[in-house]
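Each chain, letter by letter, is given below.
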Amino acid sequence: MFRYVSLITKNALRNRRRSILTICSIAASLCLLSLLLAIYNALYLSDTPPAQARRLVTRNKISLTVPMPVYYRDRIRQVPGVVAVGVNQWFGGIYKDERDPNNFFARFAVDPDALLTIQSEYRIPEDQKEAFLRDRTGCLVGAALAKRLGFKLGDKVLLRGDIFPGDYEFTIRAIYEADEGDDVMFFHINYLYESLPVGRRDFAGTFTILIDDPDSATSIAKAIDSLFENATVQTRTETERQFALSFIAFLGNVKMFLFSISAALTFTILLVSANTMAMSVRERIREVGVLKTLGFTSRAIMGIIVAEAAFIGVAGGIVGCIFASLLCAALRQAPAYLQIVSGLRLESYVIAVSLLIAALIGVVSSFVPAWSASRTKIVEALKFSG
Amino acid sequence: MAIPVSYNLRNLKERRMTTLMTALGIALTVAVLLAVLALVNGLRTAFEASGHPLHVLVMRKGSTSELVSNFTRQQFQDLKFKAGIARDAAGEPMVSLEMVTVINLASVDAPDGINVTMRGLTPMGLAMRENAKLVAGRWFEPGKREVVVGKSIASRFPDARLGGKLRFGRGDWEVVGVMDAGRSAINSEIFADLNQASSDYNRSEALSSALVRATDAVTVAALVNDLESDKRLNVSARTEKDYYESQTQSGAPVQFLGIFVSIIMAVGSCFAAMNTMYAAVSRRAREIGTLRVLGFSRASILASFLLESLVLSLLGGLIGVILVLPLNGITTGIGNFVTFSEIAFDYRISPTIIAIGLTFAVILGALGGLFPASNAARKEILTALREI
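Protein chains in written order, with my numbering: chain A, 1 to 386; chain B, 1 to 388.
Because the hints were derived from the structure by calculation, they are not lab data.
Since we're looking at a predicted model, the values are computed, not measured.
Note that the Cβ used here is the ideal one computed from N, Cα and C, for glycine as well.
Check before you lean on any hint, since a few could be wrong.
As the list claims (entries may be wrong) - Pairs of lysine to aspartate or glutamate, EDC-like flavour, derived with a Cα cap of 16 Å:
| # | chain 1 | residue 1 | chain 2 | residue 2 |
| --- | --- | --- | --- | --- |
| 1 | B | K82 | B | E92 |
| 2 | B | K82 | B | D230 |
| 3 | B | K80 | B | E245 |
| 4 | A | K61 | B | E228 |
| 5 | A | K156 | A | E169 |
| 6 | A | K61 | B | D200 |
| 7 | A | K255 | B | D112 |
| 8 | A | K377 | A | E287 |
| 9 | A | K255 | B | D109 |
| 10 | B | K151 | B | D180 |
| 11 | A | K129 | A | D113 |
| 12 | A | K147 | A | D179 |
| 13 | B | K231 | B | D78 |
| 14 | B | K241 | B | E92 |
| 15 | B | K61 | A | D167 |
| 16 | B | K61 | A | D97 |
| 17 | A | K61 | A | D225 |
| 18 | B | K80 | B | E228 |
| 19 | A | K61 | B | D172 |
Claimed, not checked - Computed list of chain B residues with no C-beta within reach of chain A, every gap over 10 Å:
| # | residue |
| --- | --- |
| 20 | L9 |
| 21 | G25 |
| 22 | T45 |
| 23 | R60 |
| 24 | L67 |
| 25 | T122 |
| 26 | K165 |
| 27 | D172 |
| 28 | A181 |
| 29 | T219 |
| 30 | A221 |
| 31 | S300 |
| 32 | L310 |
| 33 | L318 |
| 34 | E342 |
Required output: the full structure, derived from the provided sequences and hints.
In structure tokens:
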């Protein structure tokens, strides 16, 4: 096979304009396909980061929007395998002007001590940690958020509450860095409780739980839920990743969306590639006759044509992947309200799968023209005029 | 003089495989675009069909959604006797105090559960929603743990079928009826008795919002102004229509993604069309030479090949439209971040959408055909005749 390599490349470059156009066309579709694969991979297949694998989230069984009594925290803490439990309450509210989506960011009222234990992957200078813990009206913001809105240590942040009415003023005491999710603001839940009437204080939106062993996540989650099985307020505990995925599911049938677009794309590439190969084989029937006269077997001829198609497909795939990785890099810079794509990376095996698809499409698309060309009788092939 | 169109049509027919494959490529691109547009259009239609033109939605100051709003019975008493509020046949002011919350139901698509809106309301609230018609069962009775579900809820969630039981608040609620409100968002809601629901959630005093009907179209604006500026009530008021219209934004991510995908696919199809047209030009070099000898100008050759490309892409566009037509009327649901719950709606393919798809295809064809056509037009007669 390898002795034909130069013949194959010569053939592929013979009609340069056509090859380049085909490569561009395949590249465009494949760029998109690999991007979709990367999104799918990031959402459903990638490994959970070790810190996240040790976290569970408990919410009210009825829905996330209905709070639970805060004393559940102490009961959850007694479940074997649980290391720490923190309260999390979505604050909502409005920062500056709600009409500008750039002003939107997630803000949670939390147990500051528990937060620092549970989110162990957050990188915060020790002195800032201290300052945040000491100041009841202090807040902790992510580095990406600080960059986006120009927050600095010591700045005041004013939020207008909606779920919890009133104006809340915070002082930025610490800024954390993290590989993912560094666009959130956290503040002391006691500050929130104190602003509310006594009877309305003891609630928790969700509990974030740190466990000792990621492998026992399912059994610990079950143990927590069974604690409250007969209580008025029942709970639902899942891993932090499942919890995050439920938000993706909320957007709609994302899997179906990714799948149908990928199918349409693959089929488009197949059409483009088949079209090109049919055209280029048709032009060369006479050459096939010559090759056969020289003693090339039908199988060799078929192999040469199929390999040419695979070559063009892979070339398109490589260009496509280059563009896709550029797009990924651009998407990582996207504002945080497009959070799903913030950690998007074109993993090497996604690239491998894309290139494999490209090569396969080349082979499949050229199979019919290659087969019929290799079957043409020498005399007919030599007689053929384009 | 122009070259007859039949020349191009015959040529496309002659090379039917190539024509078909190129057209199919364009068709898929158009189909993806149309599917997304049909989805966004369906969503918009659902929101536009929601809300009554005379209704004003009253929430706590600063609230952007009923879910985060709080509205007390005291506020409601003060609101009830504002000027400009319509009265029903019995002389009662048409004002409805409501409680909105979200419950999580398992569906066939999402066994982990999807959020849906549960609304507690009074008989007046039901009366004010004239468009909600009962299609099965009966309305709930005040004081009982009974719910009536929108028809999309009934069809999408197995637990919410007529006779089923839903578990929220402090226990089980029986599904006693199914309602249909045309295309309105009410189809994605669950209705229950206000007093029963609010006591289950410990919210007997702090409910969510109030819905008010103005006497006529002119009073609506006045009523909104009056409520907004009432310092004692401290509420924000907006028309119900306006409230739902602002939720159309929940389709924005899908729309953005869909258009992004379509544009990249269009680039690919454009190159493919170019390829096909270049092949057509080079195969017909001798014909082009002959046409020139016969006296056709360069301009008419350019026009002829460009036209051929347009016909090719239009064919693709038409196939694309045919491909997406079966989607029309299929129900789907997407998350609405304002209500934090799912809204179900039908894909809707409108004539405008079809026109957009065909225009998109034609633009694609024009871009893909321009270079090959100008290449054909620039050919020298003698060299063209000598080419094989």
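Please write out, lowest number first, the hints stated earlier that are contradicted by the structure. 3, 4, 14, 21, 23, 24, 34
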